[in-house]
Amino acid sequence: MSKAGAAGVAGGAFGVGLGATGPTVAAAAAAAQRQRTLLQRADADITSLLDNFSNLLKAARINDPVRNAHEEFQMEVHAARVVQAADSLLKLVSELKQTAVFSDFKSLNEQIEQRVRRFEMQGEETDNLLNNISEEAAISLKELESHYYLSLHKNTNLDTAQL
Amino acid sequence: MGATVNLDLLPLKRLLAIEETGLEHLPPEHTSEEKSRFLLQRIDFEQSEEKDAKRVKSAKESIAQLKWPWQGLVENLQLAQQELSYILDFLNHVEANDAITVTNMMKPKQLPHEICSELALRASAKLHNFKKIGKYLKQTAKALEQQVEREAVFYGALMRLQQHWKIKRLRGISAGPGGNAGFTVDLSYPQMSADLMWGLSLRSAGLHSINIEQDSNGLLVAGLPSECMNTIHMQLNGPYIPHRALKDEGSRDGCFILSSNEKGPDSSIENEEDAVIEKGVGKAVKMGADLAHSVLRRIQMAIIHEQIFEWTAREALQPSSGLVVTSVEEHSLRVSLGHSCMLVLELHKFTDKMDDCHTSDATVIESDSSGNKNVKVEDQTADSGHEKISPVEGSPKDVGDSSIQPEEHSIVFWKDMSVFICLEQAFCQSAFLHPKDMRTSAVKSGQPKSTDGMSMLSKSKDASSGLWQDVIVFEAVSPLKLFSLTMRHRTFCSKVLLELEQLVQGVSYLFLSSCPTGNSRVTTWELTVRIPKAVGEGWKMGMVKWREAHKWNSSNFHLRVMICDTSLFVEGFEVAEMQDGTEFPEWKRSKHRCDLTELSGFLLSQFAGQLVKWLQEEAIIMGLNAKRNCLSVCINMNSKDDFIILAALDSDAHCINWWIYVRSIEGDDEFIEELSANKIQNQRFLGPLNPETLRSILVDLLSYSGDES
Chain A
1 MSKAGAAGVA GGAFGVGLGA TGPTVAAAAA AAQRQRTLLQ RADADITSLL DNFSNLLKAA
61 RINDPVRNAH EEFQMEVHAA RVVQAADSLL KLVSELKQTA VFSDFKSLNE QIEQRVRRFE
121 MQGEETDNLL NNISEEAAIS LKELESHYYL SLHKNTNLDT AQL
Chain B
1 MGATVNLDLL PLKRLLAIEE TGLEHLPPEH TSEEKSRFLL QRIDFEQSEE KDAKRVKSAK
61 ESIAQLKWPW QGLVENLQLA QQELSYILDF LNHVEANDAI TVTNMMKPKQ LPHEICSELA
121 LRASAKLHNF KKIGKYLKQT AKALEQQVER EAVFYGALMR LQQHWKIKRL RGISAGPGGN
181 AGFTVDLSYP QMSADLMWGL SLRSAGLHSI NIEQDSNGLL VAGLPSECMN TIHMQLNGPY
241 IPHRALKDEG SRDGCFILSS NEKGPDSSIE NEEDAVIEKG VGKAVKMGAD LAHSVLRRIQ
301 MAIIHEQIFE WTAREALQPS SGLVVTSVEE HSLRVSLGHS CMLVLELHKF TDKMDDCHTS
361 DATVIESDSS GNKNVKVEDQ TADSGHEKIS PVEGSPKDVG DSSIQPEEHS IVFWKDMSVF
421 ICLEQAFCQS AFLHPKDMRT SAVKSGQPKS TDGMSMLSKS KDASSGLWQD VIVFEAVSPL
481 KLFSLTMRHR TFCSKVLLEL EQLVQGVSYL FLSSCPTGNS RVTTWELTVR IPKAVGEGWK
541 MGMVKWREAH KWNSSNFHLR VMICDTSLFV EGFEVAEMQD GTEFPEWKRS KHRCDLTELS
601 GFLLSQFAGQ LVKWLQEEAI IMGLNAKRNC LSVCINMNSK DDFIILAALD SDAHCINWWI
661 YVRSIEGDDE FIEELSANKI QNQRFLGPLN PETLRSILVD LLSYSGDES
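Chains as they are written, first to last, in my numbering: chain A, 1 to 163; chain B, 1 to 709.
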């Protein structure tokens with residue numbers, strides 16, 4: 001999938017930016033279809049949740065024992081379907097999150113560019129740092145060497161000879 | 001049995017009419033009440049009423065006659081019994097279902113309190129059901145809430161991780177706690193050039209795709225594969241060890257498992273699994289991302305190490321690499337760097353403990369001795385040939401010494417991280433930096449970089465750079481060749497430095513200082529003779545005064561020892577104020593290519609010449625008639641014998657010995673003959689002397705001359 005097409009899918013998934021970046025028609029259609037599917041799923045889940053919950057409430061009416069027994073079973077079914085609808089909604093949210101994480105190519109590219117810039121800066125800083133370190137090391141080395149060659153440790157022979 | 005009940009024996013359908021066409025007209029359906037009413041209507045109660053009336057009449061008469069008080073009760077009971085027997089008989093018929101069919105049964109009307117209690121029972125049953133459903137919903141709500149939190153934590157960590165790693169989604173697998181989350185991290189390097197990737201690292205191929213899992217807390221977990229996690233251990237064995245003072249330091253262990261920032265998962269974090277998980281942000285998200293990041297970093301390091309090893313092994317076997325491979329095994333590579341130095345690359349199983357690195361030496365020996373499955377590529381001829389061909393590596397004796405030395409001193413292992421960094425850089429240049437990129441980077445950095453990636457320093461402020469840039473021209477070489485040249489250079493430098501340090505120990509007022517070149521293949525040292533002026537004035541200097549005097553004293557003579565790759569050059573030049581004397585041959589600035597074996601003698605001859613020159617100048621200042629001849633000063637005592645102070649070079653001891661001769665007036669030619677035949681009797685060995693003692697000899701000679709006169 002081309003980058004622009006992918007951006008279109010991402011945009012379509014979130015309902016923004018369709019056609020702004022010039023996606024292909026097929027990609028835009030696919031994105032719109034996906035968006036519709038997601039919305040339909042969300043609507044269906046919410047409707048199911050509400051219907052089942054209202055049925056649960058309706059089952060609160062006290063009837064004859066036989067009907068009550070029927071309603072008990074119906075209540076269990078309605079509760080299970082409420083839970084199923086909630087779970088389905090949660091999965092929908094997960095899918096949306098995944099789409100947000102994986103299809104947001106625009107921000108991903110921005111991040112990558114940002115990191116590249118940061119690494120370049122770090123590279124330059126490191127180069128400068130290494131240059132400074134090498135200069136400092138050279139100066140320190142010279143100083144230490146001069147200290148060493150003028151030190152008692154090096155010139156014990158000299159000093160003892162003089163003494 | 002007064003009442004009779006007429007019942008239909010057969011429940012036949014009764015038709016109202018049948019049409020010619022056969023269509024039957026059924027009577028309208030009766031409701032249950034109508035049926036019961038109809039049935040009741042069919043019961044004949046007339047006879048029983050008449051009988052009852054008669055019975056009442058007769059009873060009144062009998063009561064009136066007898067007046068037994070319990071007679072009525074008895075009759076009632078009898079009647080009740082009869083009724084009961086009717087009912088029982090009726091019930092039997094109903095049960096037998098032979099004559100009577102029950103069409104409807106009316107429930108007896110309940111009393112109000114009964115209705116209330118039944119309603120209460122139903123309500124309580126309903127309540128119980130609702131409570132059960134409520135409990136179920138609460139439990140599932142709690143589970144869903146946990147799932148929401150888990151997902152918030154997981155996706156938060158995933159988003160963080162995605163900023164650093166290439167994460168791929170597996171279709172068809174949904175994330176769930178305690179299992180595969182449906183994501184993988186791609187650790188391969190698509191940027192790597194194809195020819196380099198070819199045939200590279202089948203062992204590490206399994207590490208290129210890492211599954212991301214989700215634990216029970218929703219934390220993102222990257223599985224650490226236990227197998228194929230290798231890390232490179234690098235050793236440089238040999239008698240010439242740079243940075244001798246640091247060789248025993250524990251921090252210089254050559255284990256390159258992780259850098260300081262890339263330690264394993266923090267145990268404190270692992271212990272905090274019960275930490276409060278916040279939604280989408282916070283500690284848990286950071287913890288998951290950090291843990292996975294560190295694990296992935298570790299795996300990536302293992303991949304890189306594996307690839308470095310295989311790349312090195314493959315490239316080293318090519319003749320253009322400049323490396324002499326002595327042994328190749330599955331997890332070990334030995335490369336000779338000349339001068340009896342050996343670079344050992346080993347792949348060790350990844351362990352968290354750095355202590356395991358210390359056992360690497362033992363494993364080296366074991367792997368050498370057990371050579372069953374080892375594919376050793378013995379290249380002794382090439383190695384020995386190299387030892388012989390190289391002009392700067394010394395005589396065969398030198399080679400022999402160095403080969404014996406490890407046995408005498410038990411091979412000194414030294415490990416240097418810089419070696420690994422060099423190798424890593426060579427690999428990265430080869431793998432990721434294409435020639436085009438190298439050119440652009442060179443242009444960008446503004447330095448004349450050659451394709452080997454080595455920057456040729458052309459700093460105008462570095463006066464020494466001009467010295468070596470006109471000596472040697474670096475060719476464009478492959479990264480591994482550059483590494484090999486660098487390592488050979490370093491080994492050779494260590495050897496030369498040992499010589500120079502011994503020289504400095506042996507000669508007074510000789511100073512050695514390093515001149516950093518900023519180039520990994522060029523090393524320069526400067527040797528300076530500095531005789532303080534106070535010595536010439538006859539001062540006996542203490543250390544403090546001597547040091548102070550040195551600070552303000554300019555150097556008399558410079559020598560620069562320079563190594564480009566493995567070529568050794570010595571350049572000498574005098575300072576301006578020393579060029580005043582015109583009657584003596586001047587030490588011109590000159591470059592001399594020399595061998596390591598002759599380095600010590602050459603340098604000693606230069607310094608001895610300088611000391612002799614200084615001695616002659618001192619003698620002239622004192623008023624003695626001194627004449628210089630090569631490395632000797634002849635002091636003419638007018639009417640007496642001449643005294644000759646001669647500098648003799650001792651290359652083995654790295655010092656300058658002094659002799660004094662007394663020459664009779666007979667003639668120079670005869671003396672030279674005797675000197676060459678070593679027949680002179682009037683000679684005395686003085687040993688290595690410092691300038692103060694030499695000057696005191698001059699003073700003695702001066703006093704001797706004065707006494708005679």
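Source of the hints: derived by calculation from the structure; they are not laboratory data.
For each residue, glycine too, the CB sits at the ideal point set by N, CA and C.
Treat each hint with caution, since some may be false.
What the hints assert, rightly or not - List of simulated lysine-lysine pairs, BS3-like, C-alpha gap at most 30 angstroms:
(1) B:Lys107 with B:Lys126
(2) B:Lys60 with B:Lys35
(3) B:Lys131 with A:Lys58
(4) B:Lys168 with A:Lys106
(5) B:Lys126 with A:Lys58
Unchecked claim - Here are the simulated distance ranges between beta carbons:
(6) B:Leu170 with A:Asp43: 25 to 31 angstroms
(7) B:Asp215 with A:Leu90: 14 to 20 angstroms
(8) A:Arg118 with B:Asp215: 58 to 64 angstroms
(9) A:Leu57 with B:Glu34: 51 to 57 angstroms
(10) A:Glu124 with B:Lys142: 50 to 56 angstroms
(11) B:Ala53 with A:Arg61: 35 to 41 angstroms
As the list claims (entries may be wrong) - Per the computed footprint, the stretches of chain A lying under chain B, defined by three or more beta-carbons under 8 angstroms from a beta-carbon of chain B, are:
(12) 26-33
(13) 36-47
(14) 55-62
(15) 79-90
(16) 129-140
Sort out which numbered hints this structure fails and list those numbers smallest first.
-> When the structure is compared with the hints, numbers 2, 8, 9, 11, 12, 13 turn out to be violated.
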